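*Asks:* Using the sequences and the hints given, assemble the complete structure.
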Amino acid sequence: MSVLVYTESEQGTFKKVALEVASYAKAIANQLGTTVTAVTINVDDASALGNYGVDKVLNVSNAQLQSFNANGYAEAIKQAVEKEAAKVVVVSSSADSKYLAPLLAVGLNAGYASNVIEAPSSTSPFTVKRTAFTNKAFEMSQINTDIKIIGVSNNSFGLVENSGNASAEDFSPSISDSGVTVESVDKATDKVTIADADIVVSAGRGLKGPENWGMVEELADVLGAATACSKPVSDLGWRPHSEHVGQTGKPVASNLYIAIGISGAIQHLAGINASKVKVVINTDAEAPFFKAADYGVVGDAFEVVPQLIEKLKAFKAQQ
Amino acid sequence: MKILVCISHVPDTTSKINFSEGDTKFDTNGVQFVINPNDEFGLTRAMWFKEKQGAHVTVVNVGGAETEPTLRKALAIGADAAIRVNTVALDGFSVAKQLANVVKEGGYDLVIAGRESIDYNGGMVPGMIAGLTHANFINNCINLEIDGTSVKATREIDGGKETVSTVLPLVIGGQKGLVEESDLRIPNMRGIMMARQKPLTVAEPIDVSAETTSVKFEKPTPKGAIKLVSADNLDDLINLLHNEAKVI
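Chains as they are written, first to last, in the numbering used here: chain A, 1 to 319; chain B, 320 to 567.
Calculated from the structure, these hints are not laboratory results. Just so it is clear, the structure is predicted and the values come from calculations on it, not from any experiment. Ideal Cβ placement from N, Cα and C applies to all residues, glycine included. Possibly wrong hints are sitting among the right ones.
Far from chain A, some chain B residues (derived; all Cβ distances over 12 Å) [to be verified]: (1) G349; (2) K371; (3) N507; (4) Q516; (5) L519; (6) I525.
Here are the simulated lysine-lysine pairs, DSS-like style, with alpha carbons at most 27 Å apart [to be verified]: (7) K16/A to K316/A; (8) K87/A to K535/B; (9) K535/B to K136/A; (10) K335/B to K291/A; (11) K276/A to K542/B; (12) K56/A to K87/A; (13) K191/A to K565/B; (14) K313/A to K16/A; (15) K276/A to K546/B; (16) K136/A to K335/B; (17) K276/A to K535/B; (18) K538/B to K276/A; (19) K546/B to K313/A; (20) K546/B to K316/A; (21) K538/B to K136/A; (22) K313/A to K191/A; (23) K480/B to K371/B; (24) K546/B to K311/A; (25) K423/B to K369/B.
*Replies:* This is the structure we're talking about:
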């Protein structure tokens with residue numbers, strides 16, 4: 001009865017969250033005195049998982065699963081859970097994992113706790129800490145079912161190295177036809193996504209117009225960060241909706257969140273509060289964001305940001 | 320086309336979140352409840368299907384009588400009928416089972432639910448309804464077009480979006496993008512008057528158990544005061560981020 005973890009990949013390569021959920025699965029396996037089995041789908045080389053505590057890898061290669069489909073992926077994971085007689089299943093909080101986890105929960109009749117931020121505080125009863133009320137509170141949630149599914153909040157547990165080797169075997173689940181067909185994918189492949197980013201640089205209406213985003217992108221480039229924006233900016237069409245972060249946009253849980261010219265409406269703060277360190281740059285010292293941030297600069301973004309870019313370049317060159 | 324829109328009754332974003340009974344219950348004292356924002360985008364899209372394609376729209380909620388004003392608001396916005404499943408919402412899975420039962424009994428072609436509620440943020444109800452009713456499922460749906468039983472939709476993915484096709488019956492996890500914020504409707508007086516005449520059916524729940532239980536809540540520890548850095552001395556900021564916060 002190992003712990004089973006779904007280690008996600010893209011184009012044959014693990015996503016960063018895959019290694020984080022593997023680390024998390026290892027922590028539970030230690031608590032339960034058992035081993036970790038990972039499921040991979042169309043991954044070229046799964047050997048990295050051994051370094052994050054995985055004992056055994058089930059490699060699925062299946063042309064039907066070439067592009068993500070929630071039903072097919074949930075079917076594959078369900079059959080792996082049954083094969084291993086796993087009692088705990090660990091997934092990430094990526095868009096894809098959040099899509100398939102409820103289907104998997106129905107298939108396994110398993111209780112599912114999403115947005116979990118720590119290893120279980122107890123395994124009997126099985127209790128996990130998760131965020132609730134859009135980051136305004138934490139909930140201790142007890143999972144009552146025989147099989148338990150845990151969705152780990154991105155960037156909450158971190159990577160924990162455990163040197164070791166994972167044994168590998170091929171696994172061929174039977175997959176039924178997907179009811180949903182992907183027609184086309186529109187994704188910038190050269191940019192860090194908000195979900196994966198350690199650092200997010202975000203800007204608001206204080207930037208006055210879309211033509212001024214060059215410095216935001218340059219700051220993000222220097223830091224290896226993703227770019228994001230406030231709701232008014234996406235509503236005005238200055239930036240694409242996919243960059244909108246906040247309660248009705250994308251959630252952010254980065255290590256560092258830099259807010260430029262964003263006042264800090266409660267809906268915005270709710271969406272980004274899970275970020276560990278927040279920096280605000282705003283001309284208005286009364287902006288609510290100054291109450292929510294760790295570090296602040298009261299100043300004109302058009303003066304502060306270019307200077308910050310130059311200083312960061314010098315800093316990076318020294319490193 | 321018969322559409323069911325799932326409406327979660329949630330505290331308004333600006334509400335202070337407090338807990339009572341030894342931090343085991345959400346304290347509803349002085350809290351203003353609203354239609355869950357992700358559900359409101361879905362409801363507004365359903366209104367488009369009603370007006371342009373003659374769809375019949377029912378709204379549904381699982382909860383006690385205190386949630387009825389939220390359902391009446393949805394009727395005032397334009398839904399044709401409402402159902403309240405008369406039971407306490409135990410957890411996401413049990414709510415999904417109650418809703419799946421409503422879907423099966425009513426024979427709905429399309430079920431629209433928000434991708435997550437802003438209170439418990441479980442993000443599981445739409446997918447579970449789809450799993451329980453064997454319907455197709457699209458999560459994080461930001462565009463939805465239906466012609467007969469054919470569906471074209473757009474799903475938000477990490478770092479972009481994808482276009483998908485499927486057929487009814489379908490469940491979507493909806494969000495902003497289905498309609499824009501500016502398309503959301505405030506009930507007018509005529510809508511509010513008409514809502515009083517529309518049917519609000521109280522349905523008895525099916526017998527389900529909770530797969531997860533909230534045992535305790537905690538509030539985040541108050542954060543320390545902000546450190547302000549002079550705009551003339553940004554080296555300080557870099558130094559703090561590198562040596563103190565250790566994030567660059």
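*Asks:* Please go over all the hints and tell whether each is borne out by the structure.
*Replies:* To see whether the hints hold, each was checked on the structure:
| no. | hint | verdict |
| --- | --- | --- |
| 1 | G349 | 15 Å, holds |
| 2 | K371 | 23 Å, holds |
| 3 | N507 | 23 Å, holds |
| 4 | Q516 | 32 Å, holds |
| 5 | L519 | 27 Å, holds |
| 6 | I525 | 15 Å, holds |
| 7 | K16/A to K316/A | 23 Å, holds |
| 8 | K87/A to K535/B | 24 Å, holds |
| 9 | K535/B to K136/A | 14 Å, holds |
| 10 | K335/B to K291/A | 16 Å, holds |
| 11 | K276/A to K542/B | 11 Å, holds |
| 12 | K56/A to K87/A | 16 Å, holds |
| 13 | K191/A to K565/B | 23 Å, holds |
| 14 | K313/A to K16/A | 26 Å, holds |
| 15 | K276/A to K546/B | 15 Å, holds |
| 16 | K136/A to K335/B | 9 Å, holds |
| 17 | K276/A to K535/B | 23 Å, holds |
| 18 | K538/B to K276/A | 16 Å, holds |
| 19 | K546/B to K313/A | 23 Å, holds |
| 20 | K546/B to K316/A | 23 Å, holds |
| 21 | K538/B to K136/A | 7 Å, holds |
| 22 | K313/A to K191/A | 19 Å, holds |
| 23 | K480/B to K371/B | 26 Å, holds |
| 24 | K546/B to K311/A | 19 Å, holds |
| 25 | K423/B to K369/B | 21 Å, holds |
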